Amino acid sequence: MKAVHYLNQFFAGMGGEDQAEAPPTRLEGAVGPGRGLAADLDAVEIVATLACGDDYFAEHEDEALSALLTMLAELAPDVLVAGPAFGSGRYGYACARLAAEAAARGIPSVAAMHEENPGVEAAGAAYVVPTAVNVAGMRDALPRLGALASALASGRELGSAEEEGYLVRGFRRNYLAEKTGAERAVELLLAKLGGDVRTEVGGDLDRVEPPPPVPDLSEALVALVTESGCVPQGNPDHLQSVRAQGWFRYDLEGADTLASGRYESVHGGFDVTLANEDPNRLVPLDTVRGLERSGRVGRVHESLYTTTGNGTPVVVATRFGQEIAGQLRDAGVQAVLLSGT
Amino acid sequence: MLAKEIERAGIPAVYVTSLPTVATMIGANRIVRGPAITHPFGLDEEERRRIVERALDMLETDVEPNTVWEVE
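So the sequences go chain by chain: E and U.
Residue 214 is where the first sequence starts when you use this note's numbering, and the numbers rise one by one after that.
Residue 12 is where the second sequence starts when you use this note's numbering, and the numbers rise one by one after that.
Derived pair list, reagent style SDA-like, types lysine to any residue, alpha-carbon separation capped at 25 angstroms: (1) E:Lys405 x U:Met36; (2) E:Lys215 x E:Ala252; (3) E:Lys215 x E:Glu370; (4) E:Lys392 x E:Ala374; (5) E:Lys405 x U:Thr32; (6) E:Lys405 x U:Thr35; (7) E:Lys215 x E:Thr283; (8) E:Lys405 x U:Asn77; (9) E:Lys215 x E:Gly226; (10) E:Lys405 x U:Ile37; (11) E:Lys215 x E:Val260; (12) E:Lys215 x E:Asp353; (13) E:Lys405 x U:Val33; (14) E:Lys215 x E:Ala251; (15) E:Lys392 x E:Val414; (16) E:Lys215 x E:Leu282; (17) E:Lys215 x E:Glu314; (18) E:Lys392 x E:Gly408.
Just so you have them, the derived chain E footprint on chain U, three or more residues with Cβ under 8 angstroms: (19) 13 to 24; (20) 48 to 59; (21) 72 to 80.
Please keep in mind that the hints were generated in silico from the structure rather than gathered at the bench.
Please read all numbers here as calculations on a predicted model, not as lab measurements.
For every residue, glycine included, the Cβ atom is placed at its ideal position computed from N, Cα and C.
Only chain U is shown next, with the shape it has when bound in the complex:
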C-alpha cells in the first residue's frame, strides 16, 4: 500500500519483496522479487548490490502496471 500511495503522489517507487503475488494484488506497479521474506535484499553484499541495481534500473524504466522483475 505504501508503494501505491507513493506512486499515486507521482514519485516512482520500486518495491522489493519476496511476495510479488501479494504486491501485485494490492496494486504495486514496480516490483522486484527478493530472495526471502527474512532478507529481501539477500544475505551478502554482492547479492545485495545486484538486487539494488535491479531495483534502480526499474526506477529508470517505463513499466506497465503490476510489473514484476526477477533478479538475474
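Next comes chain E alone, as it looks inside the complex:
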C-alpha cells in the first residue's frame, strides 16, 4: 500500500525560515522524519513526499492546496500522513488543512501535532495524532502516527479515539454493545465509587465564551426570545408542539402585554393551562414594557422570536439559534431575554 507524506520546508530539508516562501514541491520517497516513519509503517511504503514552505501555505492557501491536491490525486495513495508539526502553528495548520481536504476527497488522512496546535481545529474529518509540543517528541510520535496511518491504509474500521490514539473529532458512531445499558451504568457507578470517574458520552462539548455584559441596559435594544411555543392565538403559522420545524417572529409594536386570548402556548411538553391564563408567565412583555417606560431598559425590540423547545434535535436547534442570532445582530439588538420551559 502507498502513503504520501507531507512536510514543511524545514523537515523536508529544503532550508529554514529562508525557504518558508517555497511553493509546493514533490520529492521522491521518504524524506527527513519520513525515513523514521517508514520503519513504523506496516505494509505501507512512502512513495512520495510533498513539501511546502509554511509562509507560502499561509499566504497562498488556495494555490498551495490546489497544487498539493493535484499532486496527491496523481499519486492516489492509500493514506496521507502530514507532519508531525508539534507546536508549530503555521505548519500544523497546513498539515491539518491538507489532511482535511484530502479526507473530504476520500483519501484516508492523518496529521500529527500538539493537541493545542491551532491546526487541530482545521482538521475536519481527518485524524489527528497528538504529539509533544516540540521536536523532542519525534521518537514518541512516529510509532503512534505509523500505527494509525497503517490502520487507515489497510481500510480497517477504526475504534474510538481512546483506543486508537487520535484526538476526539466530535463524531459519534453507533455500535452494538455487549452489555446492556443497565449493566454498563452499574459498572460506571461502581468505578466512580472507587474513584475512577468515566463516561460513555464524554468528549468535546461545544462551548461558547460568554460575551461581555451590556454596559448600560437603559441605552440598549433588548429582544424577547422564547422556546416556550408562545404564539398568537390560533397559531396562525402552525408552529409544531413537538420537534419544531422552524421558528417565527411576531410583531410586538404597540403591544403592552401578551394578553390571554390573544396569545397562547402550543408547547406539547407541559400543561399550558397556567401559561394560557397569562402568557406573560412565559414571555414577560408586560413587565419589560414597564421597565422600558421607567427607563431601566432602553427599548424593546419590535419582534418576539418564538419556537417550541421540545424534542428538537441539537443540530436543528443550533440552526434556529444561528438564524435568530443573525436577525438580532442585523437589527442591532444588544441583549436578549430568553425563556425556556
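Given the coordinates of chain E, work out where chain U should sit on it, guided by the hints.
Then chain U, alone, in the frame of chain E:
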C-alpha cells in the same frame, strides 16, 4: 441551544428556565432559575418583576461560563 448561538454571535443572552441543569449541560452561560416549567416567570406580576430584574442584572454582569443565578 438558542442561548448559546445568540451568545456566539456576541449578544449577551440570559436564559430563564426551571431546568438549569439541562441549560448548563448544553452550554448556556447566563442562566436564571425560574420557579416552574409551566411558568418560568412565576405566576403574579410581583414575582415576574423580581425574576426579570434578576435576569437583567445578569445581562449587565461579567460571568463565568455556565453560571446559574437563583432569584431571591
